[in-house]
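Asker: Each chain is listed here by its residues.
Number of protein chains: 2
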Amino acid sequence: MPDASNPSPSRRELLRMIGLSAGGAAMYQAMIQLGFAAESSYTGPIKLEGRPRAGTSVLILGAGLAGMTAAWELRKAGYKVKILEYNDRAGGRNWSLYGGDTYTELGGATQHCRFDKGLYLNPGPWRIPYHHHAVLDTCKMLGVKLEPFIQVNYNAFLHNSQAFGGKPQRLRTIKADAQGHIAELLSKAIQQNALEAAVTGEDREKLLEGLRSWGALGKDHRYVKGTASSNRRGFEKDPGGGLSARPIPSQPLTLQDMLSADAWSGLVAGENYEMQTTMFQPVGGMGMIGKTFGKALGEVIRYRSKITEIRQDASGVTVSYEDLAAPGSTLTERADWCLCTLPLSILSQLPINVGPKMEAAISAVPYNASVKVGLQFKRRFWEQDERIYGGISYTDTPIRSIAYPATDYFSDGKGVLLGAYAGGQGAVELTSMTPEQRIEAALEYGSRIHPQYRAEFDNGIAVAWHRVPFTQGCAGRWTEDTRAEHYDNLCQIDGRIALAGEHASYIPAWMEGAITSAHDAIGRLHQHVLAGARP
Amino acid sequence: MPDASNPSPSRRELLRMIGLSAGGAAMYQAMIQLGFAAESSYTGPIKLEGRPRAGTSVLILGAGLAGMTAAWELRKAGYKVKILEYNDRAGGRNWSLYGGDTYTELGGATQHCRFDKGLYLNPGPWRIPYHHHAVLDTCKMLGVKLEPFIQVNYNAFLHNSQAFGGKPQRLRTIKADAQGHIAELLSKAIQQNALEAAVTGEDREKLLEGLRSWGALGKDHRYVKGTASSNRRGFEKDPGGGLSARPIPSQPLTLQDMLSADAWSGLVAGENYEMQTTMFQPVGGMGMIGKTFGKALGEVIRYRSKITEIRQDASGVTVSYEDLAAPGSTLTERADWCLCTLPLSILSQLPINVGPKMEAAISAVPYNASVKVGLQFKRRFWEQDERIYGGISYTDTPIRSIAYPATDYFSDGKGVLLGAYAGGQGAVELTSMTPEQRIEAALEYGSRIHPQYRAEFDNGIAVAWHRVPFTQGCAGRWTEDTRAEHYDNLCQIDGRIALAGEHASYIPAWMEGAITSAHDAIGRLHQHVLAGARP
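Heads up: the sequence lines are chains A and B, in that order.
232 is the number that the working numbering gives to position 232 of the first sequence; each next residue is one higher, with no gaps.
476 is the number that the working numbering gives to position 476 of the second sequence; each next residue is one higher, with no gaps.
These are calculated hints, taken from the structure and not from any lab test.
Everything numeric in this text was worked out from a predicted model, so none of it was measured.
Treat the hints with care, as some may be off.
Which copy is meant is left open, so a pair is good if it fits within one copy or across any two.
What the hints assert, rightly or not - The calculated SDA-like cross-link candidates involving lysine to any residue, where the alpha carbons are at most 25 angstroms apart (straight line), are: (1) Lys237 with Thr479; (2) Lys80 with Trp478; (3) Lys47 with Ser411; (4) Lys47 with Gln527; (5) Lys295 with Gly78; (6) Lys378 with Leu297; (7) Lys237 with Gln492; (8) Lys206 with Asp396; (9) Lys80 with Pro366; (10) Lys145 with Glu196; (11) Lys76 with Leu331; (12) Lys219 with Glu271; (13) Lys295 with Gly532; (14) Lys237 with Val224; (15) Lys145 with Lys378; (16) Lys219 with Ala194; (17) Lys237 with Met275; (18) Lys206 with Asn160; (19) Lys82 with Lys219; (20) Lys206 with Gly298; (21) Lys140 with Gly284.
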């Protein structure tokens, strides 16, 4: 027995008391020696060592996350920096639309956002994975407060127009039934010795036992109606307190019905590395990052400046631009170096004198279509009626997803959900519509999942990325082939011009790609400068 | 093409534009008619219809969630209510320990909590499932603000002393590899036609295709090193931006190694109905519910009152109690009815004149052992060093879990994590130790998962539920047999006495059980009173 008068037992006493074997201790030592390998090569914010010659200047095109990261770090390292930005705000695709905002897309359609105070749509990025260290560190540096983003909600819906008479199913039921049937089938195969070569001896028993708990199987390794399966998929009637509170188990789908749901991608949505818990979002909208960054850079950024030409010579780079406050004007800015973060969809339309390899690379990357629709409703019926708090419902209709706000849970008053996040052909079709028609489409399709839509709808806003003036597309779409041929050529510094942005990364469409591509580009540019490439 | 001059297309136009078939619309109608069945029988806060005779009184024992719920609703319905409570605070097991709190356990050991401001340990309940409607509604009613509780963190650890040389593994790697190997094995069995009877025809192809995406299989339905598997389990080197940012895939575990981890329960921890996303916790600690409820009830609660006897007669119930401020005192309180929410572990030690069936039921339920240890560290190294934001690591050592705070992410300064949540034999062993020894054990075992423990440790507090004076146990442990024999007898009103609490529910240990058992008991009591059982 432990000696109660001795509040600090020696390690030996502890080992004795709680039965820790010497083998365990040896393993512990071994574990310490092995260490904990980091899964990322990122080791913290970039540090540019050494100073450039006084006055060395870098002109940065685009005040998105890549451009602002570069400006921030280069200025710190001693460079004279300036950013030219098309919009009248910082952030680029890091952007939130709030009530009072006005947005005009290509083609001229103008929308006035009428969301209530505090509500928003993130037309671009909306979630941050835990391993996107550069984004998280940028938020920390800027003081942007983060809150959890809920990717997976077991109580959200999977909706397939062709299955279950079009009736949406709760994610947890399909997920439990898929796992249950898979576990039952594999158990059967093992018991029939169909996998003798692959699973032998002790492993056979371990796997059978594991599948039982993993798949919530009942007796005889079968996935059946009962407490085990209902403890995953939910009950016909939930357990409660007192008399008459006995739970009633629910009936699992058959294997055939489960397969008919064709819901595999929805089932693993939260298992993909980029969507795993714990994800984050900035409090108040993703655009808080760009907005705060822009404020921190202050006078470094010149807004409403539309780039018209980029021309380098032996001693520097001259960039021509139009002051959008003075239509038709042509101004120029000159610097020793230029870091261009314009999307390739825009850059490929501009005159720029780079070598044939970079030129080919700039033209090699088409941009994805994507459409997001934000819908404001008079009340948060998804919470109040259906107990859905955050997370995403998936559908086979063109809106593809409905995402519920991961903030202000249980609040009264209005709420904004993401009523469409379309890609592919659906996005192309929605892009061809007017904003009002996109909103109507989101309502029409969304009504099939939430019948409350029509009665509760208040107002909406729709962003089709192919019509967004400053990008004309959502994000660069690389293939294995184009990457093999063009990627390195895109990233190599060409004379006095370097490129950065999500398109110059292996994680396109993610903010992490934009920031780390800026780190990489300015790191090499700085080495270049220090090595004496004379301005 | 849509007519851009008409911003509000008719439904017919929309159908044409986006190719919605008549079949789809028919399905939509069918879906609406089918409606969306609620999964719970709970339809909102209880409403007691009809008024009792003026002055009808109910004495409630225990100011936990069951007792306070009953007092709140009975008072509203017109009853005269009073609660006698052992502690000097409301909430019972709904309880958070903060810096400045003092806690004395059975045996006399006293701990002074030295956590920094804002940090806490929840010795009892600590998370709220989305389908625990009664708890969520109670929080809403009281104005207790909720924030997401993170149950699953893919970047947290699974630790098995006997596997991988004791080196903890990231949850995401074991999870991905289990799923991958299961998918590969089942695919193999299907391709060998080993499951011909169970999976036929078109389903065979659907399942094979589904398993490929679900298991992240590569070519030939094999789970191998490559982009597909690394997009689940993480990379050897993460993708990044610029040159030299090419990702390096990680090497999956073999089936044998994956089985050696014996991690099945950790893999499904977030898939159980009670642990599925989205879960919640009150901002500032679970104890905020009890604290706020107690304040709302005010004078209704008499604190520091230790029940010593419960005696009913033909016209009412007399309860004797000791005023803990006056040791040895005996006071009495009389009412027409008594609702007793004392844990059975306490009630079974008290004289109470109920019938033999309820008496047998009161003695039939043993109480679980459970130990929780809160550890304050000088910095949030789990976030800063290991990028673990909330969630739980699992270990086969007696501490069983390490849970990371799901609030104040990325904050500087100190942090408190749950350093042990022991049950079973481990809890019994930890209970036999002094609080200081429990903390030392938590540090010793926890160091095997987080080597930073010793250097960063600041202070701790340990609660062993079998030594908690007001419950002497964690929660009622029912078996199928005891429930069949005793449960209804426990819940039936005996003369003028009714019981409520998590022990009188089908969801023991959960606050939802306590609240819904109170709803059920007072609902029946009220009917009883209205039906003329004369006081």
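Asker: Each of the hints needs a verdict: does it hold here or not?
Answerer: Hint-by-hint comparison with the structure:
{"no.": "1", "hint": "Lys237 with Thr479", "verdict": "between (49 angstroms within a copy, 20 angstroms between copies)"}
{"no.": "2", "hint": "Lys80 with Trp478", "verdict": "neither (34 angstroms within a copy, 72 angstroms between copies)"}
{"no.": "3", "hint": "Lys47 with Ser411", "verdict": "between (43 angstroms within a copy, 23 angstroms between copies)"}
{"no.": "4", "hint": "Lys47 with Gln527", "verdict": "within (12 angstroms within a copy, 74 angstroms between copies)"}
{"no.": "5", "hint": "Lys295 with Gly78", "verdict": "within (20 angstroms within a copy, 59 angstroms between copies)"}
{"no.": "6", "hint": "Lys378 with Leu297", "verdict": "neither (38 angstroms within a copy, 33 angstroms between copies)"}
{"no.": "7", "hint": "Lys237 with Gln492", "verdict": "between (62 angstroms within a copy, 21 angstroms between copies)"}
{"no.": "8", "hint": "Lys206 with Asp396", "verdict": "between (38 angstroms within a copy, 17 angstroms between copies)"}
{"no.": "9", "hint": "Lys80 with Pro366", "verdict": "neither (33 angstroms within a copy, 74 angstroms between copies)"}
{"no.": "10", "hint": "Lys145 with Glu196", "verdict": "neither (54 angstroms within a copy, 55 angstroms between copies)"}
{"no.": "11", "hint": "Lys76 with Leu331", "verdict": "neither (27 angstroms within a copy, 74 angstroms between copies)"}
{"no.": "12", "hint": "Lys219 with Glu271", "verdict": "between (29 angstroms within a copy, 20 angstroms between copies)"}
{"no.": "13", "hint": "Lys295 with Gly532", "verdict": "neither (33 angstroms within a copy, 72 angstroms between copies)"}
{"no.": "14", "hint": "Lys237 with Val224", "verdict": "within (17 angstroms within a copy, 42 angstroms between copies)"}
{"no.": "15", "hint": "Lys145 with Lys378", "verdict": "between (27 angstroms within a copy, 21 angstroms between copies)"}
{"no.": "16", "hint": "Lys219 with Ala194", "verdict": "both (21 angstroms within a copy, 21 angstroms between copies)"}
{"no.": "17", "hint": "Lys237 with Met275", "verdict": "between (32 angstroms within a copy, 18 angstroms between copies)"}
{"no.": "18", "hint": "Lys206 with Asn160", "verdict": "between (36 angstroms within a copy, 15 angstroms between copies)"}
{"no.": "19", "hint": "Lys82 with Lys219", "verdict": "neither (70 angstroms within a copy, 49 angstroms between copies)"}
{"no.": "20", "hint": "Lys206 with Gly298", "verdict": "neither (62 angstroms within a copy, 56 angstroms between copies)"}
{"no.": "21", "hint": "Lys140 with Gly284", "verdict": "both (15 angstroms within a copy, 22 angstroms between copies)"}
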